[in-house]
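> Read off the chains here:
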Amino acid sequence: MADIATSALPSRPATPPRDRVLQALLLLAVLLTALKPVLPDMLIRLPEAWIPPFAAWLDAFFEAIKGDPATGRFGLMMITRWFAEGPLDFLLGVAANLLEGKYRWPFVSDPIPWSAIAVAGAVLGYYLGGWKIALLAGGTFVWTATMGQWEITMQTLSVLAVAAPMGFAIGLVVGIAAWKWKAVDTAIRPVLAVMQTLPFYTYLLPAVIFFKVGPTAGAIATTIYATPPMILMTALGLKKVSPEIVEAGKMSGCTRWQMLTKVYIPSARTEILVGVNQVIMLSLAMVVLTAFIGMPGLGGKLLAMMNSFKLGRSIEIGITIVLVAIMLDQMSKAWVHKLPEHFEKGTPWHVRHKYLLIGITGFVAFFVLAQFVEYFNEVGRRQSLSMGREIDSVIKDFLALDVVQAVTGTIRYVLNVWVLVPFRDALLWIPTPAFILFVMAFAYALGGKRPAIYAAVFFTLVALSGWWDRSIITLYSVLSAVFISTLIGLPLGIFAARSEKWANRILIVCDTAQTFPSFIYLLPAIMLFGITDTTVVLSIVIFTTVPLTRYTIEGLRAVPAEMTEAADMSGCTRWQKLTSVQFPLAMPTLAVGFNQAIMFAFFMVIIAAFIGTQDLGQELQRTLAGTDLGKNFVLGINVSLMALTFDLAIMSWANRRRKALGLG
Amino acid sequence: MKLKHLMSAAALAMVSATPGLSAEDSSEPIVIPIHNWSSQIVMSHVVGQMYEMMGNNVEYVTTDSQAVYESVRLGDVTLELEVWEGAFGASFRAALEKGGLHDAGDHNAVTREDWWYPMWTKDACPGLPDWEALNDCAHLFATPETGDKGLFLDGPVDWLKHGKERAEALGLNYVVRNAGSAAALWAHIGAAEADKTPVLVFNWTPNFAEAVWPGEFVEFPAWEDGCDKDPAKGPIPDKLYDCGNPADGYMKKAAWDGMKDKWPNAYEVLTKISFTNPQIAEMAKLVDIEDYEPEEAAEIWLEENEDIWKQWMPEGAT
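Protein chains in written order, with my numbering: chain Y, 1 to 664; chain C, 1001 to 1318.
Take the hints with a grain of salt, since some may be wrong.
[Unchecked claim] Here are the simulated lysine-lysine pairs, DSBU-like style, with alpha carbons at most 30 Å apart:
1. Y:Lys354 x Y:Lys333
2. Y:Lys66 x C:Lys1262
3. C:Lys1310 x Y:Lys102
4. C:Lys1285 x Y:Lys102
5. Y:Lys240 x Y:Lys333
6. Y:Lys250 x Y:Lys338
7. Y:Lys345 x Y:Lys333
8. Y:Lys396 x C:Lys1149
9. C:Lys1098 x C:Lys1122
10. Y:Lys102 x C:Lys1260
[To be verified] Taking beta-carbon pairs under 10 Å as the criterion, some of the chain Y residues facing chain C (in silico):
11. Glu151
12. Leu205
13. Lys338
14. Glu341
15. Asn416
16. Val417
17. Leu522
18. Ala525
19. Leu528
20. Gly530
21. Gln614
Simulated from the structure, these hints should not be mistaken for lab results. Built from N, CA and C at the ideal position, the CB exists for glycine as well.
The task is simple: from the sequences and hints, build the whole structure.
Shown next as structure tokens:
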């Protein structure tokens, strides 16, 4: 997610006076903190009067480019609205008509029966990756239908069917441009870095204003969110095409267009398909969040269920989202691995296309069957196997157990009263300039001069935005959560890395935890820990432990066997081997995991506003209800600036470390 | 180019595919917003199905309940069926000033929002619902974080409920925290349900919660107009917010200004529609307690209450 920023800003190797600079920074920071009681107010917090009205300026700027449809003043909004109401709405309408029977062109009277789609999905799965994926694809559709969620799932998929290809197309084109022209590459990298750290609430409001509330805004927000990795992967893949292949293409007299379509793109197939996979996964991550701006389907239903306190059915919807995500993930990955098939000349058509034929036959058969047996056409709510109520009572009974109450009560008390709240108050107590110096010292120690300068600029901007205290509270939740998840993720990763079997098992858990909509576990978390900082931090922890565990496993397992063997031969104990051989070598990968955990935490802390916080997320959530584009952006950029500070420092450390270890 | 052809084909097909039962109404879909609480969703489907019976096309979009007024104003959304005085009055009035939407009449139903407790709380603190009992019971509502003060869980900040100001004005020994969402309020009550811990939260009626957890509102000094602007109003002469919220807030319908011309029949029906509190509670119950899907719940409600909605329909349409 984050190495874009750093690869654009390579850090320099460390220089000797480094330590002295670090000492000076820290000394100054400590001094300022210690002197707080006698400092003038303007050195503790920026005086209100000094804060430039960024929000008002941005509002004026947006107003100017927006135009006004009511008075006919031309602006960007005319174009976007035309796009939303014309082509985009049309495409969404077609998809919606086919999948869920919405009354739009081409007016297919009824939606396609679920059983026909399930069969076609299974055949496609078999074609791509054999029985396992066939079972996964078919099973997912059967689960969805029998749980009575068919219609909402199709509503979601009909929007994704437009948003994901749009992300793919835009990503491909921009990726090609970035590869072709250096200037484009330089220009988009910082934009992409900001986009990937910007909280999603900041996409949502402009999406509504420019593209109209409903599926159109949902589709646009999804596309914006899902496109960056596609751009990066395309550019990366094209850069890696070997000169021999290019030579061969030139020798056969390809035109420039042919070079691109017949030589470069097919050679970069693997990276491009990884990009496709990323687009799909990120689109699914937006399913619930876009429900705030009128995206129909699973997300909207989930929010409605949560608002009427139906935990069981929320969880069932969550499982559907996970299943759909895993299905699409596995299918697109299988597609990456599946190389194009080549047939002998003269192979008959029906042999070359046997899977297509089987698929069509199955589809038609069930389509016809569904006309006679209603169950195969649509499963009514009453017929469904949903067990919402039963799950509800199981959860409630579990949470009410005395043991559970006692344990969570203790955790809540200790964490809140002794750890979190004092830590927050301490961070808030530090004067602003001292805080900036601490962050600079941290960035300097890790990454050197450049990251330190960026840290200074970024955090000064945060101070100037006028949202300092809220930003610090946001940062406090992020840091606390990442710290706790390190305590969990690291040992878990070390344990799992010891055997292939456990590594795979834990990685599956990681995948599931990452795609399971985080909103759902917020409610049980509140029931366990109340509306407190503990709940906020622990719900972030669930999310941030995933990358930490994953990268620990991957880092440790990637240590070359010769190294560990050498350690064994020199008689290392297991502990020595871990601390002196495996860990140092895995450190760069671990740092990437750590960095990702921080980025995930910045993402999740905004969602935690749903519990009740006093940070930037709460203010962002508030802007969602209005039309304060300027304020919305200022808040979003604050989150982005803080995240980028960490990203730059940690990634530049990881890159240097990798070079020092000779890992490339 | 191709796209343009397809689109005009679509437009043509749209026109020809809808035989006009009510010739006057546009065949473009009437867009009805759906929010995240059940009574509103069912009510929207009830009205949507009535419109469909009249031969109109209807579409539902899920939207934020505050942001919806901006959408109605722009015509992205055609109408809004539940405008609550307390919760959405401010957003509604703001949009009203900018122009583009108007008040399409009140429901018979009244709304109330205030400090509330589930019934089991009263066993521990029998002085309720009188607000003066709150201070004596403060210790019952204490949590590890609040010390010996009680905890009152207020609605999300953007609902602007002024819980803190009220606690201060009336000298209540309570810490007021804002939940992040309605769901967080329910989780808080749900957690207290098992061992009947007393809790004090922000709540409103009509609402599904009444059916799940029977409870009562705290009776604060009665609302007087201007209690939020004029310190003299209310029992304490020099404080604002020293009264409870109005116990009979309005619930309105709002319509986009263009609706009247584009769908005159549907507009006519909208102005006549008026639901009562029990009817709204019934709709919520079908979904929240009996587990029907909102569409099914709407069908059931329409079937069971023909005499009520038929009188709102235009002559000859069923």
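> It remains to establish, for every hint, whether it holds in the given structure.
For each hint, the structure was consulted:
no. : hint                  : verdict
1   : Y:Lys354 x Y:Lys333   : 22 Å, holds
2   : Y:Lys66 x C:Lys1262   : 27 Å, holds
3   : C:Lys1310 x Y:Lys102  : 27 Å, holds
4   : C:Lys1285 x Y:Lys102  : 28 Å, holds
5   : Y:Lys240 x Y:Lys333   : 20 Å, holds
6   : Y:Lys250 x Y:Lys338   : 27 Å, holds
7   : Y:Lys345 x Y:Lys333   : 29 Å, holds
8   : Y:Lys396 x C:Lys1149  : 28 Å, holds
9   : C:Lys1098 x C:Lys1122 : 46 Å, violated
10  : Y:Lys102 x C:Lys1260  : 25 Å, holds
11  : Glu151                : 9 Å, holds
12  : Leu205                : 9 Å, holds
13  : Lys338                : 31 Å, violated
14  : Glu341                : 31 Å, violated
15  : Asn416                : 6 Å, holds
16  : Val417                : 6 Å, holds
17  : Leu522                : 8 Å, holds
18  : Ala525                : 8 Å, holds
19  : Leu528                : 7 Å, holds
20  : Gly530                : 6 Å, holds
21  : Gln614                : 8 Å, holds
Taken one by one, the earlier hints fail for this structure at numbers 9, 13 and 14, listed in ascending order.
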